[in-house]
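Peer 1: What follows is each chain in one-letter form.
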Amino acid sequence: MNHLVIAPVLFPLFAATLLLLLRRVIPLRVRRILNLVALVIQILLVSLLVQRVAGGEILVYALGNWPAPYGIVMVADRLSVWMLLVTSLLAFFAMLYAVRGTDAGSRHFHPLFQLQLFGLSGAFLTGDLFNLFVFFEILLLASYGLLLHRGGANRVRAGLHFVALNLAGSTLFLFAVGTLYAILGTLNLADLAVKAAATPPENLGVVRAAGLMLFAVFALKAALIPLYLWLPAAYSSTSAPVAALFAIMTKVGAYSILRVYTLIFGAEAGPVANLIGPWLLPLALATMAIGTLGVLAAHELRRQVAYLVVVSVGFLLTAFALGTEASIGAGLYYLAHSTFAAAAFFLLADMIAMGRGTLADRLDPGPVIANANLIGAFFFIIAILVSGLPPLSGFVGKYMVLNAAVDLPSMPWVFGVILTAGLFGVIALARSGSLLFYRAEGVIERTGTAGRHAIGPNWGRLLPIIGLLLLCVTLVVWAGPLSDYTRATAEQLLEPGVYIRAVLGDPRSV
Amino acid sequence: MEALIAVIIGVLTACGVYLALRARTFPVVIGLTLLSYAVNLFLFITGRLSVGLPAVISDQAVGYADPLPQALVLTAIVISFAMTAFIIMLALKARAELGTDQVDGRLDAEDARDAPGGERG
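Which chain is which? The protein sequence lines are A and B, in order. The opening residue of the first sequence carries number 1 in full-length UniProt numbering; numbering runs sequentially from there. The opening residue of the second sequence carries number 1 in full-length UniProt numbering; numbering runs sequentially from there.
Don't read these hints as lab results, they were simulated from the structure. None of the values given here were measured: they were computed from a predicted structure. For each residue, glycine too, the CB sits at the ideal point set by N, CA and C. Do not rely on the hints blindly, as some may be mistaken.
Unchecked claim - Simulated DEER-style distance windows between Cβ atoms:
#, chain 1, residue 1, chain 2, residue 2, range
1, A, P391, B, R24, 48 to 56 angstroms
2, A, L20, B, R22, 30 to 38 angstroms
3, B, F26, A, G56, 48 to 56 angstroms
4, B, L74, A, L389, 48 to 56 angstroms
5, A, F14, B, Q70, 23 to 31 angstroms
6, B, F81, A, L470, 42 to 50 angstroms
7, A, L419, B, R22, 40 to 48 angstroms
8, B, L4, A, V25, 50 to 58 angstroms
So that you can see chain A by itself, here it is in the shape it has in the complex (with noise of 0.2 angstroms):
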């Protein structure tokens, strides 16, 4: 048995343990350094988890040593590994914005971010279903304490609504889980996977309606239509890097509907097989087109941000739901791009409304910030990323998703939204840029805080958005090895048989 498996959920355990022991003994300054330290470690404890399950080998971790259906397993497969690394990527940068100042003013901060970490990687590697809804809670309270960091009635009121709908969520997410075990009798997913292909026929009903509200406690995470309705404020209204990590937290939504959906009630799950088939597509389509409905009509930077978030789950959905291998690879890669390029969008939004004065982020014509030429650029650059324009990351996920929907029955559609979505993307991100950018007046509004100073030719606060940048040229320029990567992922999950094996080790298994 491997130690390595669990090492990316203890490590932020015992680094959140320790900042939050250590926090009134040590200055601000150290916990940021032990801070960035920790995430550094992490990062090299999941590249050498890459390097094992690159080949394909599937790790399984028995909590106890306990044999699998009976005891806990972490699982880690290429797709775990994979959403790992992007977490663990996104958080590095993410503190390297915080510690330019958000994280002041609350002791709290460093040990909940790690929390937050140590909830998403333990809902990534987790191979039982209770679990993973123990780290939603984990990952879930985290990210309350984030949001809600160094208050104001406008998180306050958004992270009322975020809290009180996560809630109701768990309990779906309750109902759904005791539903399968009392049904299935198991929670281990690839026990689950072997029962539910098993499911007696006077059982059926009950399993597919416990499926259908899983379904709807993943799209609610994943904020998919018609639950994504909290996203744009809570995302709007909290700090800069908060927001940025929050980029993956959408994701975790999508991670949970790839896992579950393509390994207990996937193509060879017999009377329960593709169980969201008919849903999940034309959802995923209509959460693009309303996305962008939102990216449009956006008065501020940061929620037309947020609304990009929403577009990008719509994509990544669409990819998933075309269920080959290569969209799965494709839309794999591109949640690695979009997430990236959403957390440098925020980090992005907070530096223009830095200099902004009283103005902030709103789209309207407001005074030229400092050093407007330097940061239109980068707005410039994020924009073409974002909606998916060559040369940069975007074209390329982008080009693979409608590359693997050429063949389909769904083609019309499936490239007609993105493809319009796209084009009213780059629209409203071009309206937004000349507001920002060409439109200013030429004298700068010295109110309260913010002034030149503030933001000065600040590379301190430009340095995470140029490695989250430096990231998404990486993935095209080892575009080739990623994509084999990530469709060897695909590949992988499409085979349940593999992963069933790999944990209960035992041949009963399809």
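Dock chain B against chain A, hints included.
Peer 2: This is chain B only, laid out in the frame that chain A set:
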């Protein structure tokens, strides 16, 4: 016994959903609490109802109660208590920051009557 338990869970859930859809934070919190009670009861009976059966190995036992749902429900209760405590604190904070206990943070007629000065609009 099954019918009674089913009715209890159903009534709890229905009341919880009704209250969670109200426009003020206090009923919403109570509604979410009722929902979590309902789901805890539901989890508890997923191992089927039984009377007087041991959950651990015993020589004289004729059958066993399923111990797993009890472990699950214990975890779920702890989590739901924590979450309830959190949302109560958040609702209080929202009342203090927004000057109203409307979930959308807007003052309505009743608030305006209570606070003629009107802290904020």
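Peer 1: Next step is simple, just say for each hint if it's right about the structure.
Peer 2: Results for each hint:
no., hint, in the structure
1, A/P391 / B/R24: 48 to 56 angstroms, "holds, 53 angstroms"
2, A/L20 / B/R22: 30 to 38 angstroms, "holds, 36 angstroms"
3, B/F26 / A/G56: 48 to 56 angstroms, "holds, 54 angstroms"
4, B/L74 / A/L389: 48 to 56 angstroms, "holds, 53 angstroms"
5, A/F14 / B/Q70: 23 to 31 angstroms, "holds, 30 angstroms"
6, B/F81 / A/L470: 42 to 50 angstroms, "holds, 44 angstroms"
7, A/L419 / B/R22: 40 to 48 angstroms, "holds, 43 angstroms"
8, B/L4 / A/V25: 50 to 58 angstroms, "holds, 55 angstroms"
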